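Chemist: 277 is the number that the working numbering gives to position 163 of the sequence shown; each next residue is one higher, with no gaps.
None of these hints come from the bench; they were simulated from the model.
Do not take every clue at face value.
Claimed, not checked - Lysine-lysine pairs mimicking DSBU-like chemistry, simulated, CA-CA at most 35 Å apart: (1) K358 to K300; (2) K453 to K401; (3) K401 to K302; (4) K471 to K401; (5) K361 to K223; (6) K361 to K351; (7) K425 to K361; (8) K361 to K300.
As the structure is a prediction and not an experimental result, all values here were calculated from the model.
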Amino acid sequence: MSISAILIIISSIFVWSVPADAIGASMLQGIHKTLPIAWILFGALMLLRALEYTGSIERINIGFTNLTQDMRLQAILVAFLFGSLIEGVSGFGTPAMVTAPLLITLGFKPLSAVVLALVSDSTAVSFGAVGTPITVGLSNATANAAELNAVSHQVVTLELISGTFVPMLLMMLLVVFLPSQYTSNKMKSALEVAPWTLMIGLVYSVTAFFTQTFIGYELTSVVTPIVVLVFAMATIKFNILLPKNTKQNPWIQYPRSTEEAELKSDMSLFMAWLPYVLVVSLLVLPKLFAPINTLLNSAIDLSVNNILGFKGISSDWLILASPGTVLLLVSIVTLLMHKKSPIAFQSEVKDIAISMKSTLSALVVTLIMVQVFTNTNFNTANLVSMPNYLASFMATHLNNVWLMIAPVLGAVGSFVTGSATVSTLTFSSIQANVATDAGLDKAMVLAAQVIGGAIGNMICIHNIVSVNGVVGFSGQEGQVLRKTAIPAVIYIVLLVISIYIFL
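My request is simple: use the sequences and hints to build the entire structure.
Modeler: Right, dumping it as structure tokens:
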């Protein structure tokens, strides 16, 4: 990414004739845009460590184990639904790093745990980290609230078809494509729970649609997993659309060890889940009470406008309204609830800061590149900006098939940059310009970009390396990528079909 940034800067100076001060302003803009993302990431990691530190994560995992021993159902509960909740609150690759170790604790093999965790962290990514891929990701294409809502509505509309099949894809991966003790009747083992997985997928998609419509896109990937988790647990308890063998003879990948089978905790499930309830409540509160919303959006404004005098080169950061602040506050409250001293937590904070270094160093370089690339309209050669030039070229030559290309571009962006948000931040201006030049529905094209970026999370090398490192599976990135590429391609095909159905 550093090489790409250097090439963009060189092209800006010598081809587009962008003045040095304009490039400097764009670089400062990129650095400042890193700060709100870093704040959210810090808050997310703080909450995650607090939950691990207090034993809440382990208690949640035990709750899943007590509900069902069938690993087909556990994969959906832990990897897809619980992972989606973590994505909605945290994002930035956190869910897979949480759910993969949990799956291993439940008896899943490392390859299965990593692949399932990565593939599961897809549908919820479009609204991950409390809507960051929309709010931040689309900031180079539009800052208009109505347009952001229009794009997010298109996302949940398209996912009514494409997103519904994700739980079933997970099931097919686990039973058919990943190694297990069952060498025959693999398809039968998958198909007998297919009705349940399709029901869960449909309920998830419909819940997301109504959450986005009536509550807002910021909480779509927070409220939806909670609702569907409760629904899924109820269907398992009452054996709805499930074969009897899920209880009488549960499907397990390989026999569990004694340690894996004997998980215990004195904490109540309510206390374990309470931090997530607090996060949702604090995020919803400003939406319900306008005075609170006004206060949060005006009390501490760290935004910068017209950097170095260039009109339009700006960056927003309302720190009190940031999800990062809520996440940080809840992490502190979580420690206090469990009578853990925040001071004793200092070593964890240091570890978090160290773990963020590599992510932020890559992110700041990427955002500098993106902003220099986007702001090349500030030139003395009377040229259109780089995004506009590329958009014009692609609209001329590829406009007839652009609706197929848009999600692929988003997925490739995530694969390269390591983030669905950064993918959309990088390509949203191009997507918007192509849509305008080709006469396509702008909201539809941007929605395809957002979902494509979410799908790209499955094959993102950065995520694969991180998750492999967490579960001690380093060096097997190629093996994981070959497994996650299959559902990624299928998901994109389903998305393209959805686009043409709803066009």
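Chemist: Does each hint hold? Answer for all of them.
Modeler: Status of each hint after checking the structure:
no., hint, in the structure
1, K358 to K300, "holds (17 Å)"
2, K453 to K401, "holds (31 Å)"
3, K401 to K302, "violated (47 Å)"
4, K471 to K401, "holds (33 Å)"
5, K361 to K223, "holds (22 Å)"
6, K361 to K351, "holds (10 Å)"
7, K425 to K361, "violated (64 Å)"
8, K361 to K300, "holds (18 Å)"
Of the numbered hints stated above, those contradicted by the structure are hints 3 and 7, listed in ascending order.
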